[in-house]
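Construct all of the structure, not just a fragment, from the sequences and the given hints.
The opening residue of the sequence shown carries number 1282 in my numbering; numbering runs sequentially from there.
If you are wondering where the hints come from, they were derived from the structure by calculation, not from laboratory data.
A couple of the hints might just be wrong.
Derived Cβ-Cβ restraints for the label pairs, each shown as a range [as the list claims (entries may be wrong)]:
1. Gly1392 x Thr1306: 34 to 40 Å
2. Gly1449 x Pro1531: 15 to 21 Å
3. Gly1392 x Thr1499: 30 to 36 Å
4. Pro1531 x Pro1391: 16 to 22 Å
Note that the Cβ used here is the ideal one computed from N, Cα and C, for glycine as well.
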Amino acid sequence: MKKLTVFLTIALFVFSAPAFAMTITGMDTAENLAQEILGSGVTIFNVSYTGATAASGYFSGGIDAGIGIESGIVLTSGYASNLNGNSNTSDSITGNNGLSGLSELNTLIPGYSTYDATVLEFDFQSDADSAYFNYVFGSEEYNEYVGSAFNDVFGFFIDGVNYALIPGTTTPVSINNVNNWSNSAYYNDNDPGPYAFEYDGFTNKLTTEILGLNAGQTYHIKLAIADAGDYILDSGVFIQGGTFSDQPVPEPATILLLGFGLLGLGIRGRKRFKK
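This is the structure:
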(Lines of atoms letter the chains of each structure in order from A and count residues from 1; the text may use other names and numbers.)
(Lines give C-alpha, C1' and ligand atoms only; values in the text may rest on other atoms or scores of the structure.)
Protein backbone atom coordinates (compact mmCIF):
# COMPACT_ATOMS: atom_id res chain seq x y z
CA MET A 1 0.00 0.00 0.00
CA LYS A 2 2.89 2.34 0.79
CA LYS A 3 4.41 1.69 -2.66
CA LEU A 4 1.09 2.46 -4.29
CA THR A 5 0.89 5.76 -2.39
CA VAL A 6 4.39 6.75 -3.47
CA PHE A 7 3.71 6.02 -7.13
CA LEU A 8 0.38 7.86 -7.03
CA THR A 9 2.12 10.86 -5.50
CA ILE A 10 4.76 10.87 -8.26
CA ALA A 11 2.08 10.54 -10.94
CA LEU A 12 0.07 13.39 -9.41
CA PHE A 13 3.16 15.60 -9.48
CA VAL A 14 3.85 14.71 -13.13
CA PHE A 15 0.31 15.52 -14.22
CA SER A 16 -0.15 18.69 -12.18
CA ALA A 17 3.29 20.31 -12.38
CA PRO A 18 3.37 23.65 -14.20
CA ALA A 19 5.27 24.12 -17.43
CA PHE A 20 8.96 24.61 -16.82
CA ALA A 21 11.14 27.15 -18.52
CA MET A 22 13.01 26.47 -21.69
CA THR A 23 16.67 26.81 -20.81
CA ILE A 24 19.25 28.23 -23.20
CA THR A 25 23.01 27.79 -22.84
CA GLY A 26 25.14 29.96 -25.09
CA MET A 27 27.23 28.39 -27.82
CA ASP A 28 30.86 27.60 -27.12
CA THR A 29 32.35 26.27 -30.36
CA ALA A 30 31.07 25.43 -33.81
CA GLU A 31 32.41 21.90 -33.42
CA ASN A 32 30.37 21.32 -30.26
CA LEU A 33 27.20 22.70 -31.87
CA ALA A 34 27.57 20.24 -34.72
CA GLN A 35 28.41 17.34 -32.43
CA GLU A 36 25.26 18.02 -30.40
CA ILE A 37 22.99 17.11 -33.32
CA LEU A 38 25.10 14.18 -34.52
CA GLY A 39 23.47 10.75 -34.36
CA SER A 40 24.46 7.33 -35.65
CA GLY A 41 25.70 6.35 -39.09
CA VAL A 42 27.00 9.81 -40.02
CA THR A 43 30.49 11.31 -39.76
CA ILE A 44 31.09 15.08 -39.78
CA PHE A 45 34.22 17.19 -40.29
CA ASN A 46 35.38 20.67 -41.40
CA VAL A 47 32.87 22.46 -39.15
CA SER A 48 32.53 26.26 -39.30
CA TYR A 49 30.19 28.93 -37.96
CA THR A 50 29.33 32.37 -39.32
CA GLY A 51 27.27 34.87 -37.32
CA ALA A 52 27.01 36.41 -33.88
CA THR A 53 27.98 34.15 -30.97
CA ALA A 54 24.90 35.41 -29.11
CA ALA A 55 22.64 34.13 -31.89
CA SER A 56 23.08 30.41 -31.16
CA GLY A 57 23.20 27.95 -28.31
CA TYR A 58 21.89 24.78 -26.73
CA PHE A 59 18.31 24.38 -25.50
CA SER A 60 16.55 22.03 -23.10
CA GLY A 61 13.00 21.84 -21.78
CA GLY A 62 11.45 21.90 -25.23
CA ILE A 63 8.83 19.25 -24.45
CA ASP A 64 7.40 21.23 -21.54
CA ALA A 65 7.54 24.37 -23.66
CA GLY A 66 5.40 22.63 -26.25
CA ILE A 67 7.68 22.53 -29.29
CA GLY A 68 7.89 18.73 -29.42
CA ILE A 69 11.67 18.47 -29.09
CA GLU A 70 13.28 18.13 -25.68
CA SER A 71 16.81 19.35 -26.41
CA GLY A 72 19.33 20.21 -29.08
CA ILE A 73 20.72 23.38 -30.64
CA VAL A 74 19.05 26.60 -31.69
CA LEU A 75 20.21 28.98 -34.42
CA THR A 76 18.51 32.39 -34.45
CA SER A 77 18.49 35.67 -36.34
CA GLY A 78 18.79 37.56 -33.03
CA TYR A 79 19.70 36.52 -29.49
CA ALA A 80 19.30 32.91 -28.37
CA SER A 81 19.04 34.09 -24.74
CA ASN A 82 15.69 35.71 -25.56
CA LEU A 83 14.23 32.18 -25.46
CA ASN A 84 14.95 31.68 -21.75
CA GLY A 85 11.65 31.61 -19.88
CA ASN A 86 8.38 29.77 -19.40
CA SER A 87 5.89 32.02 -21.18
CA ASN A 88 5.39 34.32 -24.15
CA THR A 89 6.38 37.53 -22.39
CA SER A 90 6.56 39.90 -25.36
CA ASP A 91 5.15 40.43 -28.82
CA SER A 92 8.38 41.90 -30.14
CA ILE A 93 11.44 40.00 -28.87
CA THR A 94 14.40 41.35 -30.81
CA GLY A 95 18.13 40.94 -31.11
CA ASN A 96 19.82 43.11 -33.74
CA ASN A 97 23.34 41.84 -34.51
CA GLY A 98 23.94 44.24 -37.39
CA LEU A 99 25.26 41.52 -39.71
CA SER A 100 24.75 40.80 -43.38
CA GLY A 101 22.39 38.23 -44.84
CA LEU A 102 23.06 35.17 -46.99
CA SER A 103 22.69 34.94 -50.76
CA GLU A 104 21.39 31.34 -50.65
CA LEU A 105 18.55 32.43 -48.36
CA ASN A 106 17.74 35.35 -50.63
CA THR A 107 17.10 32.88 -53.47
CA LEU A 108 14.41 31.12 -51.40
CA ILE A 109 12.34 34.30 -51.05
CA PRO A 110 12.76 36.25 -54.33
CA GLY A 111 12.34 39.98 -53.95
CA TYR A 112 13.47 40.04 -50.32
CA SER A 113 16.86 40.78 -48.77
CA THR A 114 18.11 38.98 -45.67
CA TYR A 115 20.01 40.28 -42.64
CA ASP A 116 21.66 38.92 -39.47
CA ALA A 117 22.38 35.53 -41.00
CA THR A 118 23.54 32.70 -38.74
CA VAL A 119 25.18 29.74 -40.48
CA LEU A 120 26.48 26.40 -39.18
CA GLU A 121 28.10 24.28 -41.87
CA PHE A 122 30.21 21.17 -42.21
CA ASP A 123 31.08 18.25 -44.46
CA PHE A 124 29.56 14.85 -43.77
CA GLN A 125 29.48 11.26 -44.91
CA SER A 126 26.61 8.83 -44.35
CA ASP A 127 26.87 5.06 -43.96
CA ALA A 128 23.63 4.72 -45.94
CA ASP A 129 22.02 6.37 -48.97
CA SER A 130 20.16 8.85 -46.75
CA ALA A 131 20.40 11.22 -43.78
CA TYR A 132 17.77 12.77 -41.50
CA PHE A 133 17.26 15.22 -38.66
CA ASN A 134 14.30 16.75 -36.80
CA TYR A 135 13.64 20.45 -36.34
CA VAL A 136 11.14 23.19 -35.45
CA PHE A 137 11.02 26.74 -36.86
CA GLY A 138 9.60 29.62 -34.79
CA SER A 139 9.40 33.39 -35.00
CA GLU A 140 8.28 36.67 -33.43
CA GLU A 141 7.19 37.82 -36.91
CA TYR A 142 4.02 35.75 -36.41
CA ASN A 143 1.20 36.63 -36.75
CA GLU A 144 1.28 40.37 -37.47
CA TYR A 145 3.74 40.24 -40.34
CA VAL A 146 2.53 37.22 -42.28
CA GLY A 147 2.24 38.29 -45.93
CA SER A 148 4.45 41.32 -45.39
CA ALA A 149 8.00 42.17 -46.40
CA PHE A 150 9.31 40.67 -43.14
CA ASN A 151 9.42 37.09 -44.41
CA ASP A 152 12.09 35.53 -42.18
CA VAL A 153 13.48 32.36 -43.69
CA PHE A 154 15.90 29.53 -43.09
CA GLY A 155 17.37 26.76 -45.20
CA PHE A 156 19.17 23.44 -44.92
CA PHE A 157 21.39 23.38 -47.99
CA ILE A 158 23.05 20.15 -49.13
CA ASP A 159 25.59 21.02 -51.82
CA GLY A 160 23.51 24.13 -52.54
CA VAL A 161 20.07 22.47 -52.64
CA ASN A 162 17.55 23.42 -49.91
CA TYR A 163 15.96 20.55 -47.98
CA ALA A 164 13.99 22.65 -45.44
CA LEU A 165 10.66 22.13 -47.18
CA ILE A 166 7.00 21.87 -46.24
CA PRO A 167 6.29 18.10 -46.23
CA GLY A 168 5.31 16.73 -49.62
CA THR A 169 6.17 19.97 -51.45
CA THR A 170 9.09 21.94 -52.87
CA THR A 171 8.03 25.04 -50.88
CA PRO A 172 10.56 26.48 -48.39
CA VAL A 173 9.52 26.86 -44.75
CA SER A 174 9.19 30.58 -44.01
CA ILE A 175 6.86 33.09 -42.31
CA ASN A 176 4.72 33.58 -45.42
CA ASN A 177 4.58 29.87 -46.28
CA VAL A 178 3.63 28.31 -42.91
CA ASN A 179 1.10 30.17 -40.76
CA ASN A 180 -2.59 30.29 -39.77
CA TRP A 181 -3.64 30.71 -43.39
CA SER A 182 -1.05 28.75 -45.39
CA ASN A 183 -0.11 25.15 -44.59
CA SER A 184 -1.77 25.65 -41.21
CA ALA A 185 -1.67 21.91 -40.44
CA TYR A 186 2.03 22.39 -39.67
CA TYR A 187 1.62 25.59 -37.62
CA ASN A 188 1.08 26.35 -33.91
CA ASP A 189 -0.27 29.79 -32.95
CA ASN A 190 1.24 31.18 -29.74
CA ASP A 191 0.02 34.78 -29.95
CA PRO A 192 -0.96 34.98 -27.13
CA GLY A 193 -0.23 31.57 -25.56
CA PRO A 194 -0.99 28.82 -24.79
CA TYR A 195 2.57 27.46 -25.07
CA ALA A 196 5.31 28.08 -22.49
CA PHE A 197 7.51 29.45 -25.22
CA GLU A 198 8.58 32.93 -26.32
CA TYR A 199 7.99 32.99 -30.08
CA ASP A 200 4.51 33.98 -31.29
CA GLY A 201 4.25 31.01 -33.64
CA PHE A 202 6.13 27.87 -34.61
CA THR A 203 5.92 24.82 -36.82
CA ASN A 204 5.27 21.25 -35.83
CA LYS A 205 8.34 19.08 -35.42
CA LEU A 206 9.41 18.37 -38.99
CA THR A 207 11.92 15.91 -40.39
CA THR A 208 14.43 16.75 -43.07
CA GLU A 209 14.96 13.80 -45.40
CA ILE A 210 18.13 13.80 -47.47
CA LEU A 211 17.70 10.94 -49.92
CA GLY A 212 19.73 9.62 -52.84
CA LEU A 213 23.12 9.91 -51.19
CA ASN A 214 26.06 7.66 -52.01
CA ALA A 215 27.31 5.92 -48.87
CA GLY A 216 30.79 7.13 -47.95
CA GLN A 217 30.73 10.11 -50.32
CA THR A 218 31.42 13.57 -48.89
CA TYR A 219 28.64 16.17 -48.93
CA HIS A 220 28.48 19.72 -47.58
CA ILE A 221 25.58 20.91 -45.40
CA LYS A 222 24.80 24.53 -44.55
CA LEU A 223 22.21 25.24 -41.82
CA ALA A 224 21.23 28.89 -42.12
CA ILE A 225 18.64 31.36 -40.81
CA ALA A 226 18.20 35.13 -41.24
CA ASP A 227 15.85 38.06 -40.84
CA ALA A 228 14.18 39.29 -44.02
CA GLY A 229 13.17 42.87 -44.75
CA ASP A 230 14.91 44.29 -41.66
CA TYR A 231 17.07 43.32 -38.69
CA ILE A 232 14.41 43.01 -36.01
CA LEU A 233 12.02 40.47 -34.47
CA ASP A 234 13.82 37.20 -33.88
CA SER A 235 13.31 33.90 -35.67
CA GLY A 236 14.94 30.61 -34.74
CA VAL A 237 15.32 27.01 -35.82
CA PHE A 238 15.57 24.27 -33.19
CA ILE A 239 17.40 21.12 -34.30
CA GLN A 240 16.88 18.01 -32.19
CA GLY A 241 19.99 16.63 -30.55
CA GLY A 242 21.33 13.32 -31.82
CA THR A 243 19.09 13.14 -34.88
CA PHE A 244 21.48 13.85 -37.74
CA SER A 245 21.61 10.16 -38.62
CA ASP A 246 21.39 7.75 -41.52
CA GLN A 247 17.96 6.63 -40.20
CA PRO A 248 14.98 8.65 -38.85
CA VAL A 249 15.12 9.23 -35.08
CA PRO A 250 11.81 9.70 -33.20
CA GLU A 251 11.54 11.90 -30.12
CA PRO A 252 11.87 9.75 -26.96
CA ALA A 253 8.80 9.29 -24.78
CA THR A 254 7.89 12.39 -22.77
CA ILE A 255 7.76 12.63 -19.01
CA LEU A 256 3.98 12.35 -19.30
CA LEU A 257 4.28 8.83 -20.64
CA LEU A 258 6.80 8.06 -17.93
CA GLY A 259 4.20 9.13 -15.39
CA PHE A 260 1.67 6.69 -16.82
CA GLY A 261 4.27 3.93 -16.63
CA LEU A 262 5.02 4.66 -12.97
CA LEU A 263 1.33 4.74 -12.17
CA GLY A 264 0.79 1.38 -13.84
CA LEU A 265 3.78 -0.15 -12.04
CA GLY A 266 2.46 1.03 -8.67
CA ILE A 267 -1.00 -0.38 -9.23
CA ARG A 268 0.43 -3.68 -10.34
CA GLY A 269 3.00 -3.75 -7.51
CA ARG A 270 5.50 43.34 -32.84
CA LYS A 271 4.50 45.63 -32.10
CA ARG A 272 7.22 46.63 -34.58
CA PHE A 273 9.52 49.44 -33.48
CA LYS A 274 12.23 51.61 -35.06
CA LYS A 275 15.73 50.26 -35.51
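Item to check | Hint check for Thr1306 and Gly1392 - Cβ pair distance inside 34 to 40 Å | outcome: The hint (34 to 40 Å, Cβ to Cβ) holds, given that Gly1392 and Thr1306 are roughly 37 Å apart.
Next on the checklist: If I claimed the Cβ atoms of Gly1392 and Thr1499 lie 30 to 36 Å apart, would that claim hold in this structure?
Outcome noted: holds (34 Å)
Item to check | Whether the CB-CB distance between Pro1531 and Pro1391 falls inside 16 to 22 Å | outcome: violated (35 Å)
Checklist entry - Between Gly1449 and Pro1531, does the beta-carbon spacing fit 15 to 21 Å? => result Between Gly1449 and Pro1531, where Cβ atoms are some 19 Å apart, the hint holds.
In this structure, only the earlier hint numbered 4 is contradicted, and the remaining ones agree with it.
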